[in-house]
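Order-wise, the sequence lines are chains A, B and C.
Residue numbers for the first sequence, in the working numbering: 620 to 808.
Residue numbers for the second sequence, in the working numbering: -10 to 178.
Residue numbers for the third sequence, in the working numbering: 138 to 337.
Treat the hints with care, since some could be wrong.
[Stated by the list, open to error] Beta-carbon label-pair distances, calculated as ranges:
| # | chain 1 | residue 1 | chain 2 | residue 2 | range |
| --- | --- | --- | --- | --- | --- |
| 1 | A | R622 | C | E193 | 53 to 61 Å |
| 2 | C | E193 | A | A637 | 51 to 59 Å |
| 3 | B | G(-1) | A | K791 | 22 to 30 Å |
| 4 | C | V209 | B | Q121 | 49 to 57 Å |
| 5 | A | R641 | B | E170 | 44 to 52 Å |
| 6 | C | E193 | B | R113 | 51 to 59 Å |
| 7 | C | G313 | B | V8 | 15 to 23 Å |
| 8 | B | N(-7) | C | A198 | 56 to 64 Å |
| 9 | C | E193 | A | V801 | 34 to 42 Å |
| 10 | A | L777 | B | Q121 | 42 to 50 Å |
I should point out that these hints are in silico values taken from the structure, not numbers from a laboratory.
A virtual CB, placed ideally from N, CA and C, is assigned to each residue, including glycine.
One-letter residues, chain by chain:
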Amino acid sequence: MTRVWRVVACVGLLAVIAVVQRVAPGPAEQYAPITTAGGLGSQVRTEEFVVRAERVAFARAVQFKDELGFVGEPMTTPGVWMVVWATAAATSEALRLQGVEVETAEGSVYAASDALGTLDKVELQPGMPVHGPLLFEVPPQAVAGVTLKVFTQGQRGLRWLGGGTSIDLGVKGTPAPAPALVIGGTREL
Amino acid sequence: MKRNLAFALGLLLVLPALVALRVLPWRHKYEVSTKTASEIVTASAGRAAVMAGMEWRLKSITEGVPQQGARPIPPRTKVAVAVYSVKPVTAQAVKWFDDPKAGLACPAVAVDGLGRRWKATIRRDLVPEDGQHAYGCVIVKDRDENVPLPLNQERTIRAVFVVPQDALRSLGLEVRVSTWEQGLVRLNR
Amino acid sequence: MPRVSPAEGGGSRRRWIVGAALTLLLAVGVTIVWRAGGLEAAAEKVDRIGFGTIVEGQRFALDVRGAAYATVDPLPSFGDPEPGRFLVLDLKVENVSRLPATVRDLTASLFVRVGGYEMNRFGDISGATVVRDGRSSRSQLHPGLGESVRVVYKVPERVPVPERVDVRVRDEEYTGGFGSDLPEWRPGEDLAVVSGRVRR
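Work out the full structure, taking the sequences as your base and the hints as a guide.
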């Protein structure tokens, strides 16, 4: 009888091991960046920077306007442009927000556009907030429920266990993009 | 019983060893990425700090008035003009200044009471030049030659910072002295 | 209940030890072979296809639309285009993964061969870009958004003017590896060899 119980206990333990293996977080989850959550309009603070996403707009094409008022050539996209106006400042040391992306509800990640003149290209100084646009190219049908992720590292491999933000941009449904949007560059507040 | 005890003791040793094996490479990565200094020397107001055979001293930090016609500085910021000095007090230190290939570097950052740091601005239009101070600890004469700095002779260096106005009162300097080691000199006011 | 003599008891213990050791050895062996990928099916022979066929992997779906030979740099980085010997590949590319990618990530998995010479995937590329709005400064490939991509290779002097080109497309997998359990893009299997004529 004891032998039967031993076998049962062994099988039971093996089953428990299998379940634990299955539900235990993988390495990517264990080492994932530690993000601070927030919403549109709220100030989200990490150890390295403070950021506030203020407004979101969609357009088929975008044009940059420089300090002198000159408007550049339109830039198109196979999806839609998502423009997020935000304000950010460094907390204690100068830095650039090099890893800015949006993540869709399904888990697809869109890196901020490499176009120049956006908030993620300027060097942020402690105590000197800068306001400006963040640009993303996204498929219009996938933007409901997107979150804005901001990191100081551009490379994913350097973000493990670092700080970051996860901001719900409050986008619902499929957006109706404007045909074109003229956007100004960054400015110090 | 004895065997169990040995086993438990073994586990006590093996587990921390395994954890250390996984954590230590990350710690090294962290130290490399944050460029942690191997030596830190702090000098209070008016006193000198000695690092790598060089004597460092903060002379003054004053508010600078932007010149007429200079590009405006960000709102609610001030210009801080820091003057500090370096004096080689060993023969080896003299060599560091004389030999361009030695690779001596000593950039200064401004630090306020909250621990916020600002790099010196490269803008030359903010404060008029007075011709009395150097821009860095090393003065390059031409490609293969530096302006020498004899033993026990002082060289004053000026650095200009743009900082939030609330930071000006508590501002001090932090000089990173790179010889074959990384040292940090903190010059408080 | 049969009685077990001390001698028999020792024999059974030995059998247990031998059995356990064998099981352990087998488990270690299987683990090593498994980690080395030895239990996966052998790679099938790679398809040879022509231009205009979509090759889909885990990171990109691409379609080589054509290849051309040029004697002036079609993607000059700045200033006037310089003369030289260039192979131009035009592709339609879609990032089918969930993560951002760049044209550089794409060209790193393309092995281009002309006249018996395999182009260096990094050193022989003189320009690679997303072609959009008549500009050649964009390099991002966003998930689910198809783009036209142009890659320009420098053809070395010793290689004859190419008549045909073979593009071997290698897949990429987002997975952990031997060095680290953390996932990153790692080389996968060859997906196809796309062959076609080089236009003049």
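Checked hints:
Distance hint check for R622/A and E193/C: the Cβ-Cβ separation is about 54 Å, which falls inside the suggested range of 53 to 61 Å. Taken as a hint, the range 51 to 59 Å is violated for the pair E193/C and A637/A, whose Cβ atoms sit roughly 33 Å apart. At about 58 Å, the CB distance of G(-1)/B to K791/A disagrees with the hint of 22 to 30 Å. The given range of 49 to 57 Å is respected by V209/C and Q121/B, whose C-beta atoms sit roughly 55 Å from each other.
Checked against the hint of 44 to 52 Å, the pair R641/A and E170/B passes, with Cβ atoms roughly 50 Å apart. Range check, E193/C to R113/B: about 56 Å between beta-carbon atoms, so the 51 to 59 Å window is met. As the Cβ distance of G313/C to V8/B is approximately 19 Å, the hint placing it in 15 to 23 Å holds. Checked against the hint of 56 to 64 Å, the C-beta distance between N(-7)/B and A198/C comes to roughly 59 Å, which is consistent with it.
Between E193/C and V801/A, the C-beta spacing of about 38 Å keeps the proposed range 34 to 42 Å intact. Between L777/A and Q121/B the C-beta distance comes to about 43 Å, which sits within the given range of 42 to 50 Å.
Going through the hint list in order, the structure does not satisfy hints 2, 3.
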